[in-house]
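In the order they appear, the protein sequences are chains B and Z.
Residue numbers for the first sequence follow the working numbering, beginning at 1 and rising by one.
Residue numbers for the second sequence follow the working numbering, beginning at 232 and rising by one.
Source of the hints: derived by calculation from the structure; they are not laboratory data.
You may find that some hints are simply not true.
What the hints assert, rightly or not - Pairwise CB distance ranges, derived in the manner of DEER restraints:
no.	chain 1	residue 1	chain 2	residue 2	range
1	B	Lys189	Z	Val344	37 to 45 Å
2	B	Arg130	Z	Thr279	32 to 40 Å
3	Z	Met251	B	Thr41	47 to 55 Å
4	Z	Leu360	B	Arg221	49 to 57 Å
What the hints assert, rightly or not - Not close to chain B: a few residues of chain Z, all C-beta gaps over 10 Å, as computed:
no.	residue
5	Lys236
6	Ser314
7	Leu337
8	Gly350
9	Ile363
10	His371
11	Arg392
12	Leu398
Just so it is clear, CB atoms sit at the ideal spot from N, CA and C, and this is done for glycine as well.
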Amino acid sequence: MSEVTKVGIVVDGRSIEVVEGASLVDVLRLAGIDVPTLCWTRDVDPPLGTCRVCAVRVDGREVAACTLAVRAGMQVECAAPDLAELQQGVVELLFAEGNHFCPACEKSGDCELQTMGYRMGMTHSRFPYRFESYSLDYRGQRLMLERNRCIHCKRCTDLFTDDEGHRVFCFLGKGSQTQVVMDLEREAKLSEHKCDEAVALCPVGAILRKGRGFDRPIGTRASDTPERMDR
Amino acid sequence: MTQKKVIATTSLAGCFGCHMSLLDIDLRLLDLVEVVAFDRSPLTDIKTFTRRADIGLIEGGVCNDENVHVLRLFREHCDILVSMGACAIMGGLPALRNEIPLSECLEEAYLRVPTSAGGSRIIPHHPDLPKILDRVYPCHEIVKIDYFLPGCPPSAELIWRAVTGLLFGGADPIPRELIRYD
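So that you can see chain B by itself, here it is in the shape it has in the complex (with noise of 0.2 Å):
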């Protein structure tokens, strides 16, 4: 077993002792510090860090507390209210980036972006919507890709595979022309349970099951309840 390390960084003026090299946003919320993630999942090393949501200030610069791992005198910002608005403003950006309907998607009230959106008291992005065409791809046995809603997080192309372990998602092109495929013969070979996996790890509602949605009433997703707001 490796030794840890015990380290001392100042978040918001408050000294804390932490294990040196753990992931930034692990200890923040350790340390009882709400910050927002989106792309971030729990045990994923490296991260993914392509969403930018948990954005705090360390040592006068803004970064991506997922992709950062704690040393020693490291002076954490995260109650500053321009950082919230920072915060806030990723998200913006992501609901104009994309072709986000809410009121018809299928995703509607289990969705991450949107529960962010919630949390944050977002009540419209500040950006330009930009209205791009997106294609869907609705070739797969049992699922379908809905392009409008992806933000690239990358968490199917990296953490999803199949029961053999074989990678099922990619990214084809660069930039804004970016978009995710699916092999579609290790596609028709998934199991029912890895389906609804690769839907569940979506933050949002570009990874579909064909022929299902719209099945839990209004006022039993996730976002109807009381909690919504916690993670």
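Based on the hints, put chain Z in the right spot on chain B.
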């Protein structure tokens, strides 16, 4: 008796669902009409402003030149302007056409549609008809909007809290726990 506050409402490219949700405040409507008067609104059928409004509630996005005209009139005549519902805020379901060229939308609606009158080859273009815009715009991209009530529709509770809070004061007129996007 103090003078009643004035509310104006309109539905641009909307479905009137937000207005229905406003009516869903049920018996509180009776309390509301004690202290406010509705001016220009589909609820009163008053077509033009007869006085300045304290608050204007806009349902629907902006899909044609008449919507632009009405929205600008509301901005001119209302102290506080509120985008009410998903369509006013981001175009909503009518904005599903935004990624399709306008000519294609019109051809589909008037020329290729199975119910077009036998052999009809006309896209309506009478000067009295509003001109359809290239896409559906959120209201705040056309005029300054002061507050936003998300939802499809926003709940009656949110509309009640916002309208009474903005008109008569009170903490947090748009409480976070009432925000929904669907």
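- Query: With d taken as the least Cβ-Cβ distance between His371(Z) and chain B, does d exceed 10 Å?
  - Reply: 7 Å, violated
- Item | Supplied distance hint 49 to 57 Å, evaluated on CB atoms of Leu360(Z) and Arg221(B) | 41 Å, violated
- Task: Just double-check Arg392(Z) for me: nearest Cβ-Cβ distance to chain B has to come out over 10 Å.
- Result: Non-interface label stands for Arg392(Z): nearest chain B Cβ at 13 Å, farther than 10 Å.
- Query: Does Ile363(Z) sit more than 10 Å from chain B, CB to CB?
  - Reply: 15 Å, holds
- Item | Whether Leu337(Z) stays farther than 10 Å from all C-beta atoms of chain B, as the label says | Non-interface label stands for Leu337(Z): nearest chain B Cβ at 18 Å, farther than 10 Å.
- Task: Mind verifying the non-interface call on Lys236(Z)? Its CB should be farther than 10 Å from each CB in chain B.
- Result: 22 Å, holds
- Query: Cβ-Cβ distance between Met251(Z) and Thr41(B): within 47 to 55 Å?
  - Reply: 40 Å Cβ-Cβ, so the 47 to 55 Å window is violated.
- Item | Non-interface label on Leu398(Z), tested against every C-beta of chain B at 10 Å | Fine: 18 Å to the nearest Cβ keeps Leu398(Z) off the interface.
- Could one say that the CB atoms of Lys189(B) and Val344(Z) fall in the range 37 to 45 Å? 41 Å Cβ-Cβ, so the 37 to 45 Å window holds.
- Cβ separation check - Gly350(Z) to all of chain B, threshold 10 Å: For Gly350(Z), whose nearest Cβ neighbour in chain B is about 32 Å away, the distance exceeds 10 Å, so it holds.
- Query: Does 32 to 40 Å hold as the CB distance between Arg130(B) and Thr279(Z), or does it fail?
  - Reply: 36 Å, holds
- Whether Ser314(Z) stays farther than 10 Å from all C-beta atoms of chain B, as the label says: 7 Å, violated
Hints 3, 4, 6 and 10 from the list above are not met by this structure, while the remaining hints are.
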